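Novice: Sequence:
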Amino acid sequence: MIPPVLYLPMRMSDDGTSGADLRELPDGRRALLAYTALDRLALQCGEEQPWSLVGIEALAELKSEHKFDVVAFDPEIAPQLRVGGKLL
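Be aware that the sequence shown starts at 1, since it is given in full-length UniProt numbering, and climbs by one per residue.
No lab work stands behind these hints: they were computed from the structure.
The reader is advised that the hints may include incorrect statements.
To be verified - Per label pair, the in silico range of CB-to-CB distance:
1. 22 with 85: 27 to 35 Å
2. 85 with 28: 17 to 25 Å
3. 88 with 4: 16 to 24 Å
4. 60 with 84: 30 to 38 Å
5. 60 with 36: 27 to 35 Å
6. 60 with 1: 28 to 36 Å
7. 88 with 15: 25 to 33 Å
8. 66 with 27: 15 to 23 Å
9. 2 with 76: 17 to 25 Å
10. 13 with 85: 16 to 24 Å
11. 30 with 2: 17 to 25 Å
Quick caveat: nothing in here was measured; it's all calculated off a predicted structure.
Idealized CB from N, CA, C, for every residue including glycine.
Whenever a hint applies, use it, and build me the whole structure from the sequences.
Specialist: Right, here's the structure in full:
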């Protein structure tokens, strides 16, 4: 069951803007990372990871903006992909 809201890890750009963190999967598809609870995001991405709370109904708009192929719900993130309490 998908909850009504999702916690998305955000990626900060050099100019101070932010966007949803997308990752390429081994098969070449682009995935939007989405967590069903804030503690799960913090555990996998790090305590300092910027995040945004979005309603599930916003996924269609996000997909048109960010061009991802799949939503990865509660994905496990390898420790080497985090530094300083957030994703690389």
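Novice: A separate judgement is required for each hint: does it hold in the structure or not?
Specialist: How the hints compare with the structure:
no., hint, verdict
1, 22 with 85: 27 to 35 Å, "violated, 20 Å"
2, 85 with 28: 17 to 25 Å, "violated, 29 Å"
3, 88 with 4: 16 to 24 Å, "violated, 30 Å"
4, 60 with 84: 30 to 38 Å, "holds, 33 Å"
5, 60 with 36: 27 to 35 Å, "violated, 18 Å"
6, 60 with 1: 28 to 36 Å, "violated, 19 Å"
7, 88 with 15: 25 to 33 Å, "violated, 19 Å"
8, 66 with 27: 15 to 23 Å, "holds, 18 Å"
9, 2 with 76: 17 to 25 Å, "holds, 18 Å"
10, 13 with 85: 16 to 24 Å, "holds, 19 Å"
11, 30 with 2: 17 to 25 Å, "holds, 20 Å"
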